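Put together the whole structure using the sequences plus the hints.
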Amino acid sequence: MAVTHSTVAWSEEEDDLLRRCVAKGDSASAIAALLGDLFGTVRTRNATIGRASRLGLRFGASRPAMAIKAAAAREAARPARRAPQPSSPPTLPPAPPPRPAHPKPAPAETKVFAANLLRLSEQRRVEAERGQPSFFAEKLAEMDAAGPDSEGVLFLERSLFQCAWPQPGWDAAPVTEKRVCGKPVKLRATALGAEPTAWCPACFERAHTSARRRLDVKGLSSIDRNVTRVA
1 MAVTHSTVAW SEEEDDLLRR CVAKGDSASA IAALLGDLFG TVRTRNATIG RASRLGLRFG
61 ASRPAMAIKA AAAREAARPA RRAPQPSSPP TLPPAPPPRP AHPKPAPAET KVFAANLLRL
121 SEQRRVEAER GQPSFFAEKL AEMDAAGPDS EGVLFLERSL FQCAWPQPGW DAAPVTEKRV
181 CGKPVKLRAT ALGAEPTAWC PACFERAHTS ARRRLDVKGL SSIDRNVTRV A
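Take 1 as the starting number for the sequence shown in my numbering and just add one per residue.
Don't read these hints as lab results, they were simulated from the structure. Just so it is clear, the structure is predicted and the values come from calculations on it, not from any experiment. Mixed in with the good hints, there may be bad ones.
[To be verified] Dumping the calculated DMTMM-like pairs for lysine to aspartate or glutamate here, alpha-carbon to alpha-carbon at most 20 angstroms:
no.	residue 1	residue 2
1	24	14
2	24	157
3	186	171
4	186	157
5	186	205
6	24	13
7	24	177
Listed below in structure tokens is the structure:
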């Protein structure tokens with residue numbers, strides 16, 4: 001897949017993916033990375049935010065809307081309150097019972113809590129130094145046990161731990177039917193531990209091998225031009 005610059009005009013497929021991801025609540029950085037993996041375009045975080053603004057999309061707008069709908073549904077489910085009779089004097093609600101005071105933790109409990117915090121902090125530090133956090137390891141183990149579909153998975157249903165390498169027929173398929181590899185992804189070591197890449201080990205090697213071949217062909221072409229000029 002060729003990598004293009006972020007100044008290239010946005011395609012309809014990219015706009016459709018941007019709308020879907022914003023509706024799901026994904027961040028601009030995650031959407032920009034997904035656009036690069038799927039379409040081969042370099043879209044920065046700022047470019048993604050600008051495009052969303054031009055399309056009238058707002059990041060995080062779906063969460064307040066869902067909260068408002070849930071509050072309205074709870075309010076509608078409540079039984080209607082009857083208006084007080086004019087003749088009856090208003091009645092004050094009973095005073096709530098006094099809240100019991102929270103007992104102070106015993107010294108022994110405080111020591112146990114502090115020891116647990118130290119143990120958890122040390123465990124996270126060791127996992128970060130290994131470059132393989134247990135969270136990623138458990139997710140990849142679950143996916144290995146399940147096994148990917150031979151036809152891959154729909155890229156709109158792909159999780160963070162599934163390979164995003166396009167399957168055959170990617171260019172001809174509509175956005176809703178595009179499929180990717182779907183195998184467990186390769187982990188990459190960072191300063192904070194390990195994070196998932198976009199490809200599985202096999203597709204990762206395939207992508208880098210293709211990039212090296214393109215560089216070799218380009219270098220040979222330039223050498224051939226230089227030799228022709230000298231001749």
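Next item on the list: Identify every previously stated hint that the structure contradicts and give their numbers, smallest first.
Entry: 3
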